[in-house]
Amino acid sequence: MAVIQATPELLRPSDIDHAFRDPYALSSRTRGISWVGLFAILAAFPLVFTNPAVTSVAVFTMFFLLATVAWNLFSGYSGYISIGHAVYYGLGQYTVALLVLHLHIAAGAGELGVLPLAGLVAAAGAVPVGLLVLRVRRHTFIVLTIAVMFIFQLLAFNFPSITGGSTGLNVPPPAWSPYSYNLPFYYVALGTAILALLTSWGIRRSKFGLGLLAIRDDEDRAKGLGIKVTRAKLIALVISAFYVGIAGGLYAVFVGQVFPQFAFTPFYDLYLAVFSFVGGLGTLAGPVLGALVLGPLQQYFEIQFGATTLYLIIYGVLFILILLLLPRGVVPSISDRYRSMLAAHWRKTGRGPATQGGSSLSQGPATGPAPAPAMPAEPIVREGA
Amino acid sequence: MLVVQGIIDGILAGGLYALMGSGLTLVFGVMEVINFAQGIIVILGAYLTYVFATHIGVDPFVTLLITIPIMFALGYGVYMLLLRPIKRDRVIMSLLVMYAVAVVIEGCLDLVFGGTLVQVSTPYATSSIHVGSLVFPDIYLMAFGLSAVLLGVLYVILYRTKFGRSLRATTQNTTAAKLVGIDVDRVSATTLGIGVGLGAAGGMLYGMTASFNAASSYDLISRLLVIVILGGFGSVWGAMAAAIIMLVIEDVISVVWSPVWGQTIFYLVLAAVLLFRPQGLFGRRMARAQ
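Protein chains in written order, with our numbering: chain A, 1 to 385; chain B, 1001 to 1290.
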């Protein structure tokens, strides 16, 4: 039994960071270049493909991208799977519609100006909802989020004096040229999605995010370690709701109408969860990938077969196939494959970080075939292990 | 008197919801699957009854002899084909799969029947028994009676048969059940079949008491989920009690105040109860929930 050759002075954070660095991770430079490249492509997309039919699909995809990243920031990290994020989506929609209506905001850029308020109202709504639903765990939590979503739908139907009931509310569309009409929505959504992604990245790297991941792995133990679990979960939910509310507000202005059954829709919850699952729950790139691949597909089916409910059948079957064939998500699957290939390569060539004293500390929950750990020269015995 | 009538209506309707909800909670208890498709399965049962009763002219109660076996097979097949392969994140993955199944069934029903609201019509749909100023609609009495009979059959299956014993063992501890030689997959598939069958039987009754289309499933599933949470997940008796309590509250509020609030109160009661008893009215607190 070997222990760390403890130095008399305290370990600095950078030492720990070095000791526990994931030896298989891509270098931060590679990752940074990939992200910048991806967003450069996304930014250029509507300038290259100018057909309004195409850009309108792209706009909806950006809305999905924004909301999926935000969903993952709460559900993916904390492990509390919310099937009720349509609550915040709907709150965002109604906030924008009501503000435009009552403040007599002229159709145009001003309508996009109230988006932060849509986010704030959704975030404020997440506080009471979170205090209620976060009292329970796992399956009860999932079901409760669905129930709460239906409560909001019912309230929207039952208070026609405020929400217009089943006749809905109108948001006058901006009088922009039809050729560039989609562009402002696209770029505002893309910009906000980048912001959400940066938030997600920041959380992932922070002590707060580490707390969330600990809650996902074992909440009671996390509590025992001194993480204020309720507060951490609630803060994550509020941040997540903020971005989803903005997505809802964007949708309201873009589509121009708000109805209870489309604002608080169970389908939206299904989309966000499936997109994240397909990409890879709790990873940074997973929800981005899921939304960018499945978002356009969802739009395509709806446009192609939307006249009948055939698209529901196609989409349902597709979901089932994806869930059964790719149960772990694309990003974790590829990541595992890459790791085992790299490990085999290192074993064969005798190279690799093994001699540098690096240890692998799995970042997510134990997933699939564990990567062959690069054994440090001196095994590190963790306290309490 | 209005309140007494509300209580009677609530108890009678509650029996029907107990029937539909027991299928949901039974399935959860055995295999930790939240059957989100239960709402659309009730509607599917209602449509099957509608087709047999309207186009072939069979009495709705007789159609159960056809619909329950069909739906049992559907449930059995769905488990074997779609739920058994799931190995990881069982609770959420099975929920998403059942959600997708619900979407597929909804799409099919909408494609075949369109969005028009229909109702299974029978000669006894509008008749009722009057006791003083109280009204007992025949259809609700029959629905309550059939629910009681079917739940009685369920009781016998659960507590008086070898299969019931295997089922309860699987509910208590799946791993231990496997160790003593219970074929957990077969038990689970049969349970989903029973749960879906109960839902279809409830659908036959629902189709006679209310007009419906494929979209009605969302209202149904949200109510059923509330009932199952309140009853404590996995507790069949809890779900039955919760169904009757909730429907009585809803119907009393509806007659003394307004139907709109009756429906809203349904959900507000849920919120209020969970603030004080997160495990539901009759659920046991789990020792270590994660």
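One thing to keep in mind: the hints can contain errors.
Taking lysine to aspartate or glutamate pairs in the DMTMM-like style, the calculated list, with each CA pair at most 25 Å apart, reads [unchecked claim]:
#: 1; chain 1: B; residue 1: K1087; chain 2: A; residue 2: E302
#: 2; chain 1: B; residue 1: K1087; chain 2: B; residue 2: D1219
#: 3; chain 1: B; residue 1: K1162; chain 2: B; residue 2: E1032
#: 4; chain 1: B; residue 1: K1087; chain 2: A; residue 2: D336
#: 5; chain 1: A; residue 1: K223; chain 2: B; residue 2: D1185
#: 6; chain 1: B; residue 1: K1087; chain 2: A; residue 2: D217
No wet-lab data here; the hints were simulated from the structure.
Results for each hint:
Between K1087 (chain B) and E302 (chain A) the alpha-carbon distance is near 31 Å, which puts this suggested pair outside the 25 Å criterion. A distance of roughly 31 Å separates the Cα atoms of K1087 (chain B) and D1219 (chain B); the hinted pair therefore is violated under the 25 Å criterion. Using a Cα cut-off of 25 Å, the hinted pair K1162 (chain B) and E1032 (chain B) holds, with the two alpha carbons roughly 21 Å apart. For the hint linking K1087 (chain B) to D336 (chain A), the alpha-carbon distance of about 17 Å falls within 25 Å, and the restraint holds.
Distance restraint check for K223 (chain A) and D1185 (chain B): the Cα-Cα separation of roughly 36 Å exceeds the 25 Å cut-off, and the hinted pair is therefore not satisfied. A threshold of 25 Å between alpha carbons decides the hint, and for K1087 (chain B) with D217 (chain A) the separation of about 18 Å falls inside it, so the pair holds.
In summary, the structure is inconsistent with hints 1, 2, 5 from the numbered list given earlier, while agreeing with the others.
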